[in-house]
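Chemist: Each chain, letter by letter, is given below.
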Amino acid sequence: MDQKKIFVCDDDSGIADMLEMVFEILDSETVTETNSIHAYEKILHLKPDVVIVDLWMPVVTGDQLIRKIRKNEDMKETFILCISASRDGKDIALEAGANTFLPKPFDLDEILAIVEKAL
Amino acid sequence: MAINEQENHNRGGNHEVTPLIYAALDASSSGIIITDNRLPDNPIIYSNKAFEKITGYEANEIIGHNCRFLQADERRQEAREIIREAVDKGMHVTVEIRNYRKNGDLFWNELSISPLRNEKGEVTHFIGVQNDITARKNAEEKLSFERQRMEKVILERTENLRNNEEYLNSIIQTIRESLVVLDPNLNVLTVNQSFLRTFKVTKSDTIGKLLFDLGNRQWDIEGLRTMLETVLPTSNPVLDFEVEHDFPYIGKKNMLLNAHRVELEGDYKDRILLAIEDITERRAIEKRKDDFLSIASHELKTPLTAVKGYIQLIKRFVPKDNSRLIDVVQKSDTQIERLNKLIVELLDVSKIQSGKLDIHRGEFDFDKMVKDTIEHIQFSNDECNIVLEGTTGVMYEGDESHLSQVVGNLISNAIKYSPGNNQINVYLSSLMNRIKFSVRDYGFGISIEDQKKVFDRFYRVGEIREKIAGMGIGLYICEQIIKQHDGNLWVDSELGKGSIFSFTLPLK
Numbered sequence: 001m002d003q004k005k006i007f008v009c010d011d012d013s014g015i016a017d018m019l020e021m022v023f024e025i026l027d028s029e030t031v032t033e034t035n036s037i038h039a040y041e042k043i044l045h046l047k048p049d050v051v052i053v054d055l056w057m058p059v060v061t062g063d064q065l066i067r068k069i070r071k072n073e074d075m076k077e078t079f080i081l082c083i084s085a086s087r088d089g090k091d092i093a094l095e096a097g098a099n100t101f102l103p104k105p106f107d108l109d110e111i112l113a114i115v116e117k118a119l
Numbered sequence: 001m002a003i004n005e006q007e008n009h010n011r012g013g014n015h016e017v018t019p020l021i022y023a024a025l026d027a028s029s030s031g032i033i034i035t036d037n038r039l040p041d042n043p044i045i046y047s048n049k050a051f052e053k054i055t056g057y058e059a060n061e062i063i064g065h066n067c068r069f070l071q072a073d074e075r076r077q078e079a080r081e082i083i084r085e086a087v088d089k090g091m092h093v094t095v096e097i098r099n100y101r102k103n104g105d106l107f108w109n110e111l112s113i114s115p116l117r118n119e120k121g122e123v124t125h126f127i128g129v130q131n132d133i134t135a136r137k138n139a140e141e142k143l144s145f146e147r148q149r150m151e152k153v154i155l156e157r158t159e160n161l162r163n164n165e166e167y168l169n170s171i172i173q174t175i176r177e178s179l180v181v182l183d184p185n186l187n188v189l190t191v192n193q194s195f196l197r198t199f200k201v202t203k204s205d206t207i208g209k210l211l212f213d214l215g216n217r218q219w220d221i222e223g224l225r226t227m228l229e230t231v232l233p234t235s236n237p238v239l240d241f242e243v244e245h246d247f248p249y250i251g252k253k254n255m256l257l258n259a260h261r262v263e264l265e266g267d268y269k270d271r272i273l274l275a276i277e278d279i280t281e282r283r284a285i286e287k288r289k290d291d292f293l294s295i296a297s298h299e300l301k302t303p304l305t306a307v308k309g310y311i312q313l314i315k316r317f318v319p320k321d322n323s324r325l326i327d328v329v330q331k332s333d334t335q336i337e338r339l340n341k342l343i344v345e346l347l348d349v350s351k352i353q354s355g356k357l358d359i360h361r362g363e364f365d366f367d368k369m370v371k372d373t374i375e376h377i378q379f380s381n382d383e384c385n386i387v388l389e390g391t392t393g394v395m396y397e398g399d400e401s402h403l404s405q406v407v408g409n410l411i412s413n414a415i416k417y418s419p420g421n422n423q424i425n426v427y428l429s430s431l432m433n434r435i436k437f438s439v440r441d442y443g444f445g446i447s448i449e450d451q452k453k454v455f456d457r458f459y460r461v462g463e464i465r466e467k468i469a470g471m472g473i474g475l476y477i478c479e480q481i482i483k484q485h486d487g488n489l490w491v492d493s494e495l496g497k498g499s500i501f502s503f504t505l506p507l508k
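Chain order of the listed sequences is A and B. Each residue of the first sequence is one higher than the one before, counting from 1 in the working numbering. Each residue of the second sequence is one higher than the one before, counting from 1 in the working numbering.
Read the hints as simulated data drawn from the structure, not as lab findings. Model, not experiment: these values are computed from the prediction. What you were told as hints is all true, and nothing was included just to trick you.
Computed footprint of chain B on chain A; a stretch qualifies when at least three of its residues, placed anywhere within it, have a C-beta under 8 Å from a C-beta of chain B:
1. 11-23
2. 85-94
3. 107-118
Cross-link-like lysine-lysine pairs, in silico, DSBU-like; alpha carbons within 35 Å at most:
4. Lys320/B <-> Lys4/A
5. Lys203/B <-> Lys252/B
6. Lys76/A <-> Lys371/B
No residue lacks a Cβ here, since even glycine has one placed at the ideal position from N, Cα and C.
Bound-form chain A, shown alone:
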């Protein structure tokens, strides 16, 4: 079986690096991107099983990115987890098409459980 792929897009490299390290626990490949402008191209190329998107990002915001992903027929079913430090983000994320939302700061067990289940 192919190794599962996780794609993380967060403009803060502190979060991106941390998540990359966290997902080492899982037997999967993790790709991170801190510039949301390049995120879509990378996703097209990588075809990840799980996409993790931050909401507040400069230029291309998280909800814009999610909408763009969902417009692509091939990625209608891709699992998208939206993470944000703003509590009001849940409605925006789910409306844009994310599968679930996790407010920052989250518990490691929580995010691992969500991602593991989705893989």
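Using the hints, position chain B against chain A.
Modeler: For chain B alone, coordinates are given in the frame of chain A:
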């Protein structure tokens, strides 16, 4: 003359009556004199006892003198002319004249002079009747003096009032709040300078017009109209009614309106004073502050998320037999959770203060929310057993995230303020179209006095403050969230025995 004879006969004759008449005259309290006009200088030929008493002269100093001795040196009185004229014409007259007693004292004399005529119609005698009216005159004079004094006082008071009015008016004109006085039909009676300046309008644009017709009908708002129309019938004021509007000349502004009935009778009865405050700048500053706090808390949470992730990663890698390291990592995690809570609370307080606590209503399983919250807290507090009893069995319509924050806060507090106790109880129930949540601890308890204050912002109970860290905003936020849901949050407690914090939420 038959009749006179008959009378004389009845009274026992003239010689018997005469001394009685003299006695009667002497018994009178009015002074009576008779002068003989046929003799030179019209001398007094009779005076009674009262005359002697009033004037202080004796009969032998009176008889044969003209009356003028009573005027002493004061000869130029208007009353004298009147008397002279009456005497010359032989007419009856009554005057008030200043006379002097023998000892020189002034007295006011009400003098009536009546002429007596003979068969030919010539005036033979005058009868003078005198009453000492000094007391009455004095009273009159006092009254007149008082009246003059009062008039002076009234003039002074009027002047004072006018000054006061000018003074108050200058304050009203200088004040920065716009003031409008309305009649019962909500027509504008007056406005102050600030109103004209703020809205860049003239008096003729404004006075005499219906409030709702002003400008581009900016005040014609259904809610405001209803409230203003009930100010007079109910005396209920309009309090802090905010209007955001694109006004003519001045553009988009936020105005805060307060209206009160003028509690006066008479000319000012049934008037409404409307105060308008331009709070555009205040709202802008609040928004800048909110934005700043939003961004700041977002930015603070980002590195916190990373740290939390790393700490929890360490926790996974720590060898199970290194209990010291496990403890250190666990404690670090707790501190990070605390930091996160503080950031959230700071943002909440700021939003509550500017009235912008966002409540996102949605239907959720209330019991499950409580269970999940308990589980979450139980996870990091394994020394204290949280016992849940009862259910509400309700799908509640409200802000799940905020209510979970309230439940979490109350349970965390119960644990925090009952150190050494290994149990707290949570009760859920449904009653009278309400759901009820209670949490009971067996800790410090709260005195009656402090119970009133624990929901105040930044309030912390004295002795506890030194033992347990905190900012004193948790319960304040809880109460505000419950209020936003039209619910009620309260505490029952006894010092040293523990506390029960409860809230009820109405079901729609």
